[in-house]
Amino acid sequence: MRLLFLTDSYRPSRSACANRVSVLVQAMLDAGIDVQVLSSSDSLLGAPENYEKPDFVTFFETFPLQEKTLVNRLKNNFGGQRESIKVAAGMGDFDVVLCTTPPLLLTTSAISIAKKKNAKLVLDVRDIWPDVAIEMGTFKPNSLYGRFFSHIAKRGFKAADMVTTVSAGKVTKLASRICKAGASVQLVPNGIDESFVESTEDKAVVDQFNLDKGTVCSYVGNIGLAQGLGTLLDIAAVRPNIRFLLFGTGADKQKLEDRVHEEGITNVEFCGTVDAAGVYTVLKHSALAYVPLVSSRLKDSIPTKLYECIACGCPVLLAAQGDSVDLLEESGLGKHAAPEDPKGLLREFDALIEQKYTEEEKAKCCARMLSEHSRQKAACEFAELLLAEFEGDC
Numbered sequence: 000m001r002l003l004f005l006t007d008s009y010r011p012s013r014s015a016c017a018n019r020v021s022v023l024v025q026a027m028l029d030a031g032i033d034v035q036v037l038s039s040s041d042s043l044l045g046a047p048e049n050y051e052k053p054d055f056v057t058f059f060e061t062f063p064l065q066e067k068t069l070v071n072r073l074k075n076n077f078g079g080q081r082e083s084i085k086v087a088a089g090m091g092d093f094d095v096v097l098c099t100t101p102p103l104l105l106t107t108s109a110i111s112i113a114k115k116k117n118a119k120l121v122l123d124v125r126d127i128w129p130d131v132a133i134e135m136g137t138f139k140p141n142s143l144y145g146r147f148f149s150h151i152a153k154r155g156f157k158a159a160d161m162v163t164t165v166s167a168g169k170v171t172k173l174a175s176r177i178c179k180a181g182a183s184v185q186l187v188p189n190g191i192d193e194s195f196v197e198s199t200e201d202k203a204v205v206d207q208f209n210l211d212k213g214t215v216c217s218y219v220g221n222i223g224l225a226q227g228l229g230t231l232l233d234i235a236a237v238r239p240n241i242r243f244l245l246f247g248t249g250a251d252k253q254k255l256e257d258r259v260h261e262e263g264i265t266n267v268e269f270c271g272t273v274d275a276a277g278v279y280t281v282l283k284h285s286a287l288a289y290v291p292l293v294s295s296r297l298k299d300s301i302p303t304k305l306y307e308c309i310a311c312g313c314p315v316l317l318a319a320q321g322d323s324v325d326l327l328e329e330s331g332l333g334k335h336a337a338p339e340d341p342k343g344l345l346r347e348f349d350a351l352i353e354q355k356y357t358e359e360e361k362a363k364c365c366a367r368m369l370s371e372h373s374r375q376k377a378a379c380e381f382a383e384l385l386l387a388e389f390e391g392d393c
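Heads up: the sequence shown at position 171 corresponds to 170 in numbering that gives the first Met the number 0, and the numbers run straight through without jumps.
Just so you know, these hints were derived from the structure itself, not from any lab. Keep in mind that a hint or two might mislead.
What the hints assert, rightly or not - Pairs of lysine-lysine residues, derived as DSS-like cross-links and limited to a Cα-Cα distance of at most 27 Å, are as follows:
#1 Lys202 to Lys361
#2 Lys52 to Lys85
#3 Lys179 to Lys153
#4 Lys74 to Lys252
#5 Lys298 to Lys153
#6 Lys298 to Lys252
#7 Lys283 to Lys212
#8 Lys153 to Lys172
#9 Lys179 to Lys116
#10 Lys74 to Lys85
#11 Lys115 to Lys74
#12 Lys116 to Lys139
#13 Lys363 to Lys202
#14 Lys283 to Lys355
#15 Lys116 to Lys67
#16 Lys376 to Lys52
#17 Lys172 to Lys139
#18 Lys115 to Lys153
#19 Lys342 to Lys363
#20 Lys179 to Lys202
#21 Lys212 to Lys172
#22 Lys376 to Lys212
#23 Lys114 to Lys179
#24 Lys157 to Lys139
#25 Lys139 to Lys85
#26 Lys254 to Lys342
#27 Lys74 to Lys254
#28 Lys115 to Lys139
#29 Lys202 to Lys355
#30 Lys153 to Lys114
#31 Lys116 to Lys153
#32 Lys334 to Lys363
#33 Lys153 to Lys74
#34 Lys298 to Lys139
#35 Lys342 to Lys355
Use the sequences and the hints to build the structure in full.
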């Protein structure tokens, strides 16, 4: 079976999308599927000098998304839509076209490519658009953006032979939107990447950020619209004896830095980005990690960092409701409150600081996470499902 995997991001990028797709692709290759990856040239932003492109990977050119403004996103998405179709035309025939989304516009490319190749279409929905943008308050359902993205989403679900998604809540939400006879919605969770847990602590990171000095509350991830990090600064302002280390970059970073400066919050440090080994090191040395979603309406979202924190044995203060709370309670390694409840989050923060988990308790959480939520295991099961569903049609 020959499969085209259409994605906005792939290695050498370390984005959440690239992290998921790289594991899925490896599982498919191991299962004997002839996979060809077609990814945006954004994957190459910041690539190491020694990067060598695998033979099964092709990049399509698009406007570089170095600054994530609305205009740049539109240039990037529409340009990528055109270029991916053009490049795919010269890649030969395929039995299956698999597209991971967002960005939602890439699904229109996948529909066109699958039709031209007479291939089955699989959509891997990491976030449901436009729902997630509406839930975050980015725009309203009846706005121009809301109506446009709803139209694109409906086209995708009408054409798809299979839809996969990352949480039980998303499976339930999508089940009623699938239109094609015989199509199904399958759960392919993110889980924990086993290679992350096999990382080695980076002593240079420990020394650079004085991770063993005082009590550390860390945040690692994108500093953008979906995170709602203002509440963490609220907590930091009234808990001056705790060190708050924020790792990452994003659209809201400058606003948060300005607020810290203006309000004189001296126990917050913006630490920039670190690699996977650095993330592992930070979590291993943190008393707790903050994992937020901006709104309780994002009930079917599970931040990938939640898996990583638990697998590292790092207690979590979770600002969320829904599927992510279910995962945290299953682990027993943290506390939670609604994002809109700052008093509740402060209360749970204090309780988590006071609670002392034993190393044995943390080790059990790590083992359970790897056993029951392995990304590699889920990817292997997905590869087997693809073969069972579509190999007979090849």
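Each hint tested on the structure:
no. : hint             : verdict
1   : Lys202 to Lys361 : 21 Å, holds
2   : Lys52 to Lys85   : 20 Å, holds
3   : Lys179 to Lys153 : 11 Å, holds
4   : Lys74 to Lys252  : 23 Å, holds
5   : Lys298 to Lys153 : 21 Å, holds
6   : Lys298 to Lys252 : 25 Å, holds
7   : Lys283 to Lys212 : 14 Å, holds
8   : Lys153 to Lys172 : 13 Å, holds
9   : Lys179 to Lys116 : 18 Å, holds
10  : Lys74 to Lys85   : 17 Å, holds
11  : Lys115 to Lys74  : 25 Å, holds
12  : Lys116 to Lys139 : 36 Å, violated
13  : Lys363 to Lys202 : 25 Å, holds
14  : Lys283 to Lys355 : 15 Å, holds
15  : Lys116 to Lys67  : 33 Å, violated
16  : Lys376 to Lys52  : 26 Å, holds
17  : Lys172 to Lys139 : 19 Å, holds
18  : Lys115 to Lys153 : 20 Å, holds
19  : Lys342 to Lys363 : 31 Å, violated
20  : Lys179 to Lys202 : 53 Å, violated
21  : Lys212 to Lys172 : 45 Å, violated
22  : Lys376 to Lys212 : 37 Å, violated
23  : Lys114 to Lys179 : 14 Å, holds
24  : Lys157 to Lys139 : 23 Å, holds
25  : Lys139 to Lys85  : 33 Å, violated
26  : Lys254 to Lys342 : 23 Å, holds
27  : Lys74 to Lys254  : 25 Å, holds
28  : Lys115 to Lys139 : 35 Å, violated
29  : Lys202 to Lys355 : 25 Å, holds
30  : Lys153 to Lys114 : 17 Å, holds
31  : Lys116 to Lys153 : 21 Å, holds
32  : Lys334 to Lys363 : 17 Å, holds
33  : Lys153 to Lys74  : 22 Å, holds
34  : Lys298 to Lys139 : 18 Å, holds
35  : Lys342 to Lys355 : 22 Å, holds
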